[in-house]
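Q: One-letter residues, chain by chain:
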Amino acid sequence: MRAFAYTRAGDVDEAIAALAASPGGMFLGGGTNLVDLMKLGVASPGLLVDIGRLPLTEVRETPDGGLRIGANVRNSDLAAHPAVRARYPALSQAVLAGASGQIRNTATTGGNLLQRTRCLYFQDVAKPCNKREPGSGCPAREGVHRDLAVLGHSAACVATHPSDMAVALAALDAVVHLRGPGGERTVPLCGFHRLPGDEPHRDTVIERAELVVAVGLPAPPAGRSAYRKARDRASYAFALASVAAALDVREGAVTDVRLAFGGLAHKPWRARVAEEALRGAPATEESFVRAAEAELAAAEPLRDNAFKVSLARNLAVRVLRDLAAPDGGEASAP
Amino acid sequence: MSTPGPVRLEGREKVTGTARYAAEHTPPGTAYAWPVPAAVPRGRVVAIDTGAALAEPGAVAVLTHENAPRLKDTDDATLLVLQNDRVPHRGWYVALAVADTPEAARAMAAAVRVSYAPEEHDVVLAPGHPRLYVPETANAGVPGSRERGDFDGAYASAPVRVDATYTTRALHNHPMEPHATTARWEDGRLVAYDSCQGANAVQETLAGLFGMDKERITVVAEHVGGGFGCKGTPRPQVVLAAMAARHTGRPVRLVLPRAQLAAVVGHRAPLVQRLRLGAGEDGVISALAHEVTTHTSTVREFVEQAAVPSRAMYVSPNSRTTHRVVALDVPSPSWMRAPGEAPGMYALECAMDELACASGVDPVELRVRNDTAAEPDSGKPYSSRHLVECLREGARRFGWDARDPRPRSRAEGPLLVGTGVASSYYPVYLMPSSAEAHVTETGRYRVRINATDIGTGARTVLAQVAADALGVALDRIAVEIGSTALPAAPLAGGSAGTGSWGWAVHKACRALNGMVDARGGTVPPGGLTAGADTAGDVPSDPPDAKAAFGAQFAEVTVDRDTGEVRVRRLLGVFAAGRILSARTARSQLIGGMTMGVGMALLEGSTMDPRFGDFAERDLASYHVPTHADVRGVEAHWIDETDLLLNPMGSKGIGEIGIVGTAAAVANAVHHATGVRVRDLPILPEKVLG
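Protein sequences appear in the order of chains A and B.
For reference, each letter of the first sequence is one residue, going 5 to 338 in this note's numbering.
For reference, each letter of the second sequence is one residue, going 807 to 1495 in this note's numbering.
Please keep in mind that the hints were generated in silico from the structure rather than gathered at the bench.
A virtual CB, placed ideally from N, CA and C, is assigned to each residue, including glycine.
Some clues are possibly wrong.
Covered stretches of chain B, as calculated for chain A (at least 3 residues, CB under 8 angstroms) [stated by the list, open to error]:
no. : stretch
1   : 1151 to 1164
2   : 1368 to 1382
3   : 1403 to 1414
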């Protein structure tokens, strides 16, 4: 780890000013990812601006019936928040499906959105990686890529975004509130993370010295929502594929649906094609299969990760079927 | 002993953090080292530019093959670090940075510029590799190849046949405490606090490498945070730390970074195992072939003896057991918990399950029918073998008889449910040891022996052995272990520690009682001391075969949609001689079984063909079981009296727990799904198909 300067910001504007004045600097939230990357030599900021004690820790009701979640709300607190549990179960379940208890106690909402890919080549500075060193190449495409992307990847990068929380937020039409030297702006979560294209070093649309100050949720969608993650081990593993969904069924027909996939792409993958296919369709297994397959028709699996496509389809069908079932089905089992 | 037995004697120190491990000794003036691994898979070091590294704040020195102390030759070439310009595999150490702080040493290591002349590399184990050969011996000195009877003829004429090939990936030990050493030289003497499984072996190896009298070397391993075999012999960290301390004139601490372990401390090599079983309609085996293909490095030949269990487990009048190996440009493999037996029994016990399906004989009954009183390969009778009792008792406790044998016959919602069984086996090894027992005038006892407690509870069990032998209460006994300043003893390995050390402790304690008795029961001022050495007691070629046996039963769920396999229940019954301490024995057995769950479902690394390294090198990418993966593990044992073993009547229990688990789980997955996955770990995609 290289020597670095450290400062603790007194308020949001001070934090933004400190970073704006220090081109090599970074914000430090919970540190559960950034500190690891610094130890690995993947990140070597000259300045850390610690935002961990800024009072962005509130989960507040908004006039439109939604929530505004402060960027420093810890993952554990977010998952346990009564309003989140009651009205946005997919979000609570997604947060609890991520990391470990200890990490969730430290990790923040803003930091969770900004975590980097766990691609093994990205994390090994002795190897090429276009995301870490633009232009150096992507060994994952021919190398070890079982856990990597099947949708939206590029010749330059096949990384996945590791967050569970962001997948639920994508399905729930969340927005990201940013504040930077030029003031505040709001970006839809689905437009916050990028596809890699030929600039895989840019994970998000965030600009220099911009700070995530909050995540906004509109009023919960009609119907019910759930998150289901498939992973190699029962806890503390990144998603092979995951699904966040909200579904409203009236008289056997889908009146509203939100669907997002995790673990498949460089960003949480909002399944608009599937949603379009489902809206108004009968809430049957056949519809769910057809919709999931329509979405995943765009998949371009790599040599060793084609299983993710059928896994994602199965998961989506499972979650939708369970949400459509009067008794809630088997979504959370086991 | 039916009570759980005493808690660990050092438990309080461990949970309060006062127990000091190798990296927690900090002599005044300690400097810190950080290694530089080779960044090419094969070649030569052409130049090393240390200028930038030495310009780092806090820099002390950079050791390379050009300036490092010269080492004498040794039979383990993985220890001959920084001696020449050769890069035998990626990750081989090419330099060592030394600085005033660990952070500075890490920064220095990153600043060392190494130029290589790379060469073509060959890192992929392929069954038809042209350089495969049959080694004379495999690990543990067993013959590389054995033939009995006429396998080909018997197999060809067998009414029921199984021919299946099982593959496993490279596995890594990953103890909680990484390899670490703090070394200092004082007046020509070397003191090394080392995380190892046997300090005497480290002392002797260092004496050879540095060309000095071993009496001038002290190696201390008072507490060790896990070993699993990867600390069984000296590893490069202790050599590097000693070299750096000599080179810099300061005490030096070296803790190997987790991500470097896979390349330098050994691994269980990937294996391709072909099993052929020929049997009668009744399932009784007439022909058995177990053919193993694996890799070693170009540095050192280590051959995982995976065919060995097939020489010991079942009746097999016609048998062929062979190993073939190829030396690749890969890190050197070495010991990992139950080397040979763990992967070998995975293959054999899965093949037994396939034979059960093919012959229509219940898997428990099939194993009972193929039980043998003598070790088939040697013809020697077992001193005790209670495999059948373990199978029967396990079946009873598990509820095996209610099982519907048809695959895919049980479902709960989206989950397919299946059960499987496998046998466990581990040989009894014993090694000579010395020990010393002392009694004070006031009747306090002190037992001294260079045993190593790698987390097993060895310290506690040896106190119990001493208390039994002396006939006194445990709280009157102090045990000193973990230093070459104590009477010499073998390593904690081969499940032989307790038996070997305990024998010497027992002998010393009995001798001490004899001395006290000879003085009419009195102890003079200054006390009495008795030493013991079992070198003449441990038979080198006993007339009988000795091994522990067991049976493991697994119940798994397989999610039809995701292919996720979870172990719902795991139950083992073992026959391992007399269990000396129920508390620590249970811990060892369920620990082994848990590691077996990892082997079955999670563990395995990928050799990256382009870069020549194991891709998964940290605990985020190399998955071991979490608590959530281990829901119901039970270990039981049957009392076994075997007076031919040692004075305590004990067999080893450190390794048998991992033997058979993977097969029991894999067989349960087949029962649940009808899919026969012959490649570990059983990841979702293999079940989804």
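Q: Are the hints correct? Go through all of them and say.
A: Hints, verified against the model:
no. : hint         : in the structure
1   : 1151 to 1164 : violated (count 0)
2   : 1368 to 1382 : holds (count 4)
3   : 1403 to 1414 : holds (count 4)
Violated hints amount to a single one, hint 1; each of the other numbered hints is respected by the structure.
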